[in-house]
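Q: As a plain string of letters, each chain reads:
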Amino acid sequence: MENLLVAENIYKRFGNFTALNNVSINIPKESIFGLLGPNGAGKTTLLRIINQITMPDEGKIYLDGKPLHPDDIAHIGYLPEERGLYKSMKVGEQALYLARLKGLSKAEAKERLEYWFKRLDIEAWWDKKIQELSKGMAQKVQFVITVLHRPKLLIFDEPFSGFDPVNANLIKDEILQLKDEGATILFSTHRMESVEELCDYIALIHKSKKLLDGKVSEIKKEYKSNTYEVGINAADEVTLLKELEDRFQTGPARFKSIQEDLKLSIKLKDHENSNDLIQFLLSRARINHFVEVIPSVNDIFIKTVTQDA
Amino acid sequence: MRNLRLIINREYLARVRNKTFIVMTFLSPLIFVGMIMLIAYLSMLNSTEQKIIGIHDESGLFAAEFKDGEQVLYLDYSDKDLAAARQEVLENEYFGLIHISEVSPILGKPEVEFFGKDTPGFGTIENIEKTISDKLTREQLIAKGIDVSEIDKARRNVSVEIQNFAGEHSSKMSNYIKMFFGGAAGYLLMMFIIIYGNMVMRSVIEEKTNRIIEIIVSSVKPFQLLLGKVLGTSLAGITQFTVWVILGTVLLFGISSFLGIDPTNVQTPASAAINGAAQPEINQLVVDILKLPYASLLSFFVVYFIGGYFLYSAIYAAIGAAVDSETDTQQFMFPIILPLILGIYVGFFSVVENPHGTVSTIFSIIPLTSPIVMLMRIPFGVPWWEIAISITLLIATNFTVLWLSAKIYRVGILMYGKKPTYKELYKWLKY
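Respectively, the protein sequence lines represent chains C and S. Going by my numbering, the first sequence opens with residue 24, and the numbers climb by one from there. Going by my numbering, the second sequence opens with residue 742, and the numbers climb by one from there.
Think of the hints as simulated: they come from the structure by calculation, not from any bench. Glycine included, every Cβ here is placed at the ideal spot set by N, Cα and C. Just so you know, not all the hints are guaranteed correct.
Lysine to aspartate or glutamate pairs mimicking DMTMM-like chemistry, simulated, CA-CA at most 25 Å apart [claimed, not checked]:
id, chain 1, residue 1, chain 2, residue 2
1, C, Lys-152, S, Asp-1065
2, S, Lys-962, C, Glu-105
3, C, Lys-151, S, Glu-947
4, C, Lys-238, C, Asp-223
5, C, Lys-110, S, Asp-875
6, S, Lys-1168, C, Glu-105
Going by beta-carbon spacing under 7 Å, a handful of chain S positions derived as facing chain C [stated by the list, open to error]:
id, residue
7, Leu-747
8, Ile-749
9, Arg-751
10, Arg-952
11, Val-958
12, Ser-959
13, Lys-1168
A few chain C residues that don't get close to chain S, going by computed Cβ distances all over 12 Å [unchecked claim]:
id, residue
14, Thr-169
15, Glu-219
16, Leu-234
17, Arg-270
18, Lys-292
Build the full structure now, drawing on both the sequences and the hints.
A: Now the structure itself:
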């Protein structure tokens, strides 16, 4: 698949501190790309470089195959982590101003704002000042401003931080909708559940280095350990357990079940597959629960980060 | 360019619509005119108020020398004894009592005492001392057999006629006028820098604390934002100044004609000197005022005004970007205020005394003080090459400072929760 954004060998130092150390990422078109990493890993610095707010010391960025140009800000929508609005300015006026800074004409900006305000059901706020709105309300306005100029690339830095669950869900749906409409989305987060739900691709940054990147499904395949969780009933559990332990590598497992099961996690050898295990179990017990253990992004994240440390 | 216009527009409207700004725009001329009126009124009151001073002269020589005037009335208590005189002055709530001891007119120096509720003013004391010492001098001259009236006749007043080598006459009064023009221009610039420079700084801090800054710099270059802020704020400043001048003038003349208070009553050295000047001098003065090179004065005023204001605003903006709140700005304020104050002091002490002296010349070329000091010097006539050097340096410094400020600005606006030191700022320059 063609890449919308390519960052090649980016270095950024602040004095003696290296914020980004040879980081490269490729973001395929019309995908959702998650930039993961603990706090202080360098995610925000990378996003700022893509937005041309700071310049990299070394490295190149390409948008749509061409080196990034100052005019490209018109094709990028950025919702920073540190986000706010002018307190004493009216919502509509402020949204118009920010939209026009992105290059929209006044009439065009107004028309699109009216559409979005209606869509998010916030029309009544047009003449209110930001200081009269709650935090969640202000966040909706910020979201609208970010997407208003229909950028090819949308960048959200910690988009869900500070959102209440209702608004977080609403924004998540909007993000998916925007992807369907053809936008490419890059977002940074350390909240893994949103990554599972949204991301097609991820890159993991830790201590200013990229540790891992690629398609989520492929990474998961790579990280799965041929382990299965089973819940079984047998007449003679003690013998069965003994047999299993001789044959496979077993451990206890925890999952919810309505049966009085023997719950086990069973790791197969590299050349074996699930059929081998099922065949072995079929003759000896009743299988109530059989699931391959697929590592969550959270597990991969923790594993990679602690391995690196 | 389009974005710059948008930013200027927003900054201007944000300043002008601010409630405090509106209140200050209309209240300041009222306060200012009120102050002038009060001072004028008080000095009128002061001049109509008559002090009554008692004299207890044991020698009998001096009592007659104290002449009643518009402001002072003297009462002779010499025939009473001192304690009674003091008692009477106290009871009548007179201003005070002068007591002069017995003295030999030829040899002596009398002991003079002043009793009063308050310490008398400098002028009053000086007047008493002069009256007594003049009388003593005269008495001694008479004793030596010298005709005092001949000495009085021999006195001559001399007035120096000032001309330059080109033969143009000028009045010594005209220096006051030039000083007034230059001083007003310099002072105005300083006020403008402090008021609106601070406004630029506050608006930068506001964007930081509102956390909107990153949203904006993802659309426009920080330098554009900095420039738009300075320009927008200065336009708001010019608007406010214009309102002040118009409203102030209208109010001043309106109220003064309504109340019958003459604002020119306010005593300044210049007006005092003009009041005391002879008619030909005043004619010369009018000629001098008309002869001032207004066109060049005005154009240089504009150049230095813009140059000086930009220079300082850029520094103010950089400071605003470096800090998180206004309370953190204190440590950086001193280096800004210092050259401004220095400029004003050099202007009022050195330029007035010697407009083309070494100190005045140097300070009118150093960029941080040059806008103020040069503005004060220009009415006195400054060689073109000095102005050229000074303006060139000012422009060059402007570019350097804008460039440095922009660097601090673009790093600083994204830094939160750090209290910056000078060392830190220096590091930012290298990012």
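Q: If a hint holds in the structure, say so; if it doesn't, say that too.
A: Here's how the hints hold up against the structure:
1. Lys-152(C) - Asp-1065(S): Roughly 23 Å separates the two Cα atoms, so the pair holds.
2. Lys-962(S) - Glu-105(C): holds, 18 Å
3. Lys-151(C) - Glu-947(S): holds, 19 Å
4. Lys-238(C) - Asp-223(C): holds, 6 Å
5. Lys-110(C) - Asp-875(S): violated, 73 Å
6. Lys-1168(S) - Glu-105(C): Roughly 23 Å separates the two Cα atoms, so the pair holds.
7. Leu-747: holds, 6 Å
8. Ile-749: violated, 12 Å
9. Arg-751: Arg-751(S) check passes; min Cβ-Cβ to chain C is 6 Å, inside 7 Å.
10. Arg-952: At about 3 Å, which falls below the 7 Å cut-off, the nearest Cβ of chain C leaves the hint on Arg-952(S) intact, so it holds.
11. Val-958: With Cβ-Cβ at 5 Å, under 7 Å, it holds.
12. Ser-959: At about 4 Å, which falls below the 7 Å cut-off, the nearest Cβ of chain C leaves the hint on Ser-959(S) intact, so it holds.
13. Lys-1168: Lys-1168(S) check passes; min Cβ-Cβ to chain C is 5 Å, inside 7 Å.
14. Thr-169: violated, 8 Å
15. Glu-219: holds, 28 Å
16. Leu-234: holds, 25 Å
17. Arg-270: holds, 58 Å
18. Lys-292: With a cut-off of 12 Å, Lys-292(C) remains clear of chain S, as the shortest Cβ separation is near 52 Å.
Comparing the model with each numbered hint stated earlier shows that hints 5, 8 and 14 do not hold.
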